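Required output: the full structure, derived from the provided sequences and hints.
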Amino acid sequence: MAGQSAQSAQSAPAGPEKPETTLHANADLVLVELSRSQVAVYPIDARGLMVAPMLSATQSGSTMNRKPNGFANAYSKWLTNTGSEQGTMQQMAEATGGKAYLNTNDLKQAIEKAIETGSNYYTVAYTPDNRNWNGAFRKIQVKVDRPSLNLAYRRGYYADDPLGPEHRNAAQTAKADATDYSALRTAMLRGGPDPTELIFVASVRRSSADAEPAIVESNQASKKISGPYRRYSVIFVTNPREVNWTPTPDGVHHCTLEFLTFVYGVDGKLVNMQTNSVSANIGADKFAALLKQNLQYQQQISVPVKGEYYLRLGMRDAGTDRVGALELPVEAVAKLPPLAAEGTAPAATK
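Going letter by letter, the sequence shown gives residues 1 to 350 in full-length UniProt numbering.
Note that these hints are calculated values from the structure, not bench results. The model shown is predicted, which means the values in this text are computed figures rather than measured ones. Using N, Cα and C, we set each Cβ at its ideal position, and we do this for glycine too. There may be inaccurate statements among the hints.
[Said to hold, decoys possible] The calculated DSSO-like cross-link candidates involving lysine-lysine, where the alpha carbons are at most 30 Å apart (straight line), are:
#1 Lys224 - Lys335
#2 Lys113 - Lys223
#3 Lys292 - Lys224
#4 Lys269 - Lys306
#5 Lys306 - Lys335
#6 Lys139 - Lys113
#7 Lys224 - Lys139
#8 Lys292 - Lys143
#9 Lys143 - Lys113
#10 Lys292 - Lys139
#11 Lys223 - Lys269
#12 Lys223 - Lys139
#13 Lys224 - Lys269
[Said to hold, decoys possible] Derived Cβ-Cβ restraints for the label pairs, each shown as a range:
#14 Val266 - Ala289: 42 to 48 Å
#15 Gly87 - Val333: 40 to 46 Å
#16 Gly227 - Asn134: 55 to 61 Å
#17 Pro329 - Asp250: 43 to 49 Å
#18 Val266 - Pro228: 33 to 39 Å
#19 Asp250 - Tyr126: 27 to 33 Å
What follows is the structure in structure tokens.
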């Protein structure tokens, strides 16, 4: 098991209860930001395997080494400083679900292991029973039935109110549409890192077994591609608690979500896309029930049958500009049974 991730709507690393004794003040602030951004840290100590300077052969005749007290004090100070520096790295890694690589001269292998470990993980989501959103740190613990395993996961989360003032203020200032410079457009770049500010899962299946001569009417395709095409259904699913809902005095809750499906060629060029913006206005009598189910939205996208292509899927909460994105090769889903063979696709929740 390369890694383990435990997440909630605001999954986070362990909250430093005594920052002045466990982490430097700046590192403590960084931990809080990493916690709310759901970022796992894999620090690498580039100094490699270290030897105390006073133990070096070049210091064998130094005045300090001829004075026991001077040597002991210098050695103790070096141990303290080194331990504090590496301790900070270890603590940040453990708190965020990552791993620290210390005392190794094989930096290439350390980087490769960090990338491999960070790319292989399980996502475990849950909704807290405690609805007292007081901003306090709450610890979580993940257990498996194999006690010999060493689990790496985020150690808790901050109980931020999803409907609190900070979110409402963000909703008032954020732009409702995705511009060329928005966080979502950046997140939709081919081969880029997958942002996880907004957590969602997606199902991608062929809509039918037969190829089609034309693209889906609502798609925005490049003039350089040609058929035949295969149509795919993309179903986005997210927890409504992931979304920023703006309440009004009459009890109605509002949100605006954007969904994007991009098709990239193997050369990294965008050849087709489908974008939709959905606004929801949920009355007070229905809002509580809505929070108990998943939100779903479905898109259709056409992909040329011939050639190698990649799908980049993205979702944006326009109220806060929080985004999520993921990427997969079309080849990974091209041979799956068509969606129609297993029943009707779920309707979009608006």
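Tested hints:
At most 30 Å may separate the alpha-carbon atoms for a hinted pair to count; lysine 224 and lysine 335 meet this at roughly 25 Å. Under the criterion of a C-alpha separation no larger than 30 Å, the hint pairing lysine 113 with lysine 223 is inconsistent with the structure, at around 42 Å. Restraint check for lysine 292 and lysine 224: not satisfied, since their Cα atoms lie roughly 45 Å apart, outside the 30 Å limit. The suggested pairing of lysine 269 with lysine 306 holds, with an alpha-carbon distance near 16 Å, which does not exceed 30 Å.
The straight-line distance between the Cα atoms of lysine 306 and lysine 335 is roughly 14 Å, inside the 30 Å bound, and the hint therefore holds. About 28 Å separates the Cα atoms of lysine 139 and lysine 113, which keeps this hinted pair within 30 Å; it holds. Straight-line distance between C-alpha atoms of lysine 224 and lysine 139 comes to about 53 Å, which puts the hinted pair past the 30 Å bound. Between lysine 292 and lysine 143, the direct Cα distance comes to roughly 26 Å. Compliance with the 30 Å bound is thereby established for this hinted pair.
Proximity of lysine 143 to lysine 113 is assessed by CA-CA distance (about 24 Å); at most 30 Å being required, the pair is judged to hold. Restraint check for lysine 292 and lysine 139: the C-alpha separation of about 23 Å stays at or below 30 Å, so the hint holds. For the suggested pair lysine 223 and lysine 269, the alpha carbons sit about 12 Å apart, so the restraint of at most 30 Å is met. A hinted pair counts as satisfied when its Cα atoms are at most 30 Å apart, and lysine 223 with lysine 139 does not qualify at roughly 53 Å.
For the suggested pair lysine 224 and lysine 269, the alpha carbons sit about 11 Å apart, so the restraint of at most 30 Å is met. For valine 266 paired with alanine 289, a C-beta distance near 45 Å keeps the hint of 42 to 48 Å intact. The supplied range of 40 to 46 Å is met by glycine 87 and valine 333, whose beta-carbon atoms lie about 45 Å from each other. Distance hint check: the CB atoms of glycine 227 and asparagine 134 are about 57 Å apart, consistent with the given range 55 to 61 Å.
Checked against the given bound of 43 to 49 Å, the beta carbons of proline 329 and aspartate 250, roughly 47 Å apart, stay inside it. In this structure, valine 266 and proline 228 break the distance hint of 33 to 39 Å, their C-beta atoms being roughly 18 Å apart. For the pair aspartate 250 and tyrosine 126, the beta carbons lie near 32 Å from each other, so the given range of 27 to 33 Å is met.
In this structure, the earlier hints numbered 2, 3, 7, 12 and 18 are contradicted, and the remaining ones agree with it.
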